[in-house]
Amino acid sequence: MAVIWRTRLTESDLRHARSSAQHRHEHAADAIAQLLGDRKRLPRAWTTTGGAEIIDVGPGVVRLRGRLEKTAWQGLVCRLSHGMDLAVVEMDPTTPLCISSEGNNEFVLHVVVAGRLEVERTAEGDGEGAQAGAHAFAAGQASLSIREPGRTYAAHLPAGSPFRVIRLSCAPQRLADDFGLPGGVDRLREVFAAPQVMPLDRAAVKTANEIIGTDPASPLGTMLLEGKALELLGNLMLPWLARAEQPPSDARQAKWQDQQRLATARSLVELHLEDALSIPALAVRVATTETKLRKLYRQHFGVSISEHRMQLRMDRAMKLLQEGLHTVSEIAYLTGYKHHSSFTAAFSSYFGCSPSAINARMERDRAAPSTDA
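According to UniProt numbering, the residues represented by the sequence shown are 1 to 373, in order.
Hints in this document: simulated from the structure, not taken from any laboratory. Since the structure is predicted, the reported quantities are computational estimates derived from the model, not experimental observations. Watch out, some of these pointers could steer you wrong.
[Stated by the list, open to error] 30 Å max Cα-Cα, derived DSBU-like pairs, lysine-lysine:
1) Lys255 / Lys295
2) Lys70 / Lys319
3) Lys70 / Lys338
4) Lys319 / Lys338
5) Lys295 / Lys338
6) Lys292 / Lys255
7) Lys319 / Lys206
Model the full structure from these sequences, guided by the hints.
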């Protein structure tokens, strides 16, 4: 998947794909690297688990499938106009995955259709350009960013949650020139130097689902995909383009940065229920101080970070109990508690009854005779 996310298809790549589809597994990793324009060594998982299969399904379209560690994945890559590449990737991780890739001067839109994702970015060297950062988002959210050369991006996917993402990428200069973006490429780089995470509105959700449901091999399939992809990109970029038209303001910039830090911090809290990040570590992830993060979090969300984490854990615990598929000990682990007793005490304090009492009530409800005629 890390390779798919750096896609740049050319006609020669597609010709190569036709022959690559016939390669044996021992050649598959090299074939993928050549197909996707990455001549560097692939992650070890690509070469130790049977490689991948490449299928050419039409002009400008390639399907891929294989295994990443123990997880099966499949993906679609489609070349659009304006130098854009559309990829749809899906998998159901059986173990937590960390997939690294190098930035290569791309403007990237990610739309998470299912699952959760955290992306950490680092850079070599010293100075401002070397600052690390992270952003997290889940189903129903999107991220807009520019992936700069010299940075490494690590995507973290949790186990046990089906994952599906739409990725649209192109060169920032081409995007600014072809669509006449206000402020040109310099303003584009300024606005999206840090990833912008936002919820999808109803129209964006509809468009994303239509992209998922379109078969590029069908008549006019790639044309339909292109129209939907551009519609999705345009709708999600509108608020940021409006911001780009406004003259810069130090106060507005600082407020906007704080909003982005809070959005990222909230997403990270939601993503790390099982292995809770400490508040100092969370502050480092969003590039601020612990004191400032605590203050902003309570001002903006009305609860402390610890209170929000407790709410999320208890809501998840109650949902898992009601599903009836896990033991109390398993639920304790899945909600970030190392000991059964600690979980039971926290649950009882929060809800006023123990997890075992909930289980007993669920058993009585299931055993009760139906009142249906």
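Results of checking the hints against the structure:
1. Of the pairs offered as hints, the one joining lysine 255 and lysine 295 holds, with about 14 Å between alpha carbons and a cut-off of 30 Å not exceeded.
2. Taking the CA atoms of lysine 70 and lysine 319, the gap is near 28 Å; set against the 30 Å cutoff, the hint holds.
3. The straight-line distance between the Cα atoms of lysine 70 and lysine 338 is roughly 26 Å, inside the 30 Å bound, and the hint therefore holds.
4. As the CA atoms of lysine 319 and lysine 338 are separated by approximately 19 Å, the hinted pair is consistent with the 30 Å bound.
5. Simply put, lysine 295 and lysine 338 have alpha-carbon atoms about 29 Å apart, close enough for the 30 Å limit, and the pair holds.
6. For a cut-off of 30 Å, the pair hint linking lysine 292 to lysine 255 stands: about 13 Å separates their Cα positions.
7. Straight-line distance between C-alpha atoms of lysine 319 and lysine 206 comes to about 27 Å, which keeps the hinted pair within the 30 Å bound.
Of the numbered hints listed earlier, not one is contradicted by the structure.
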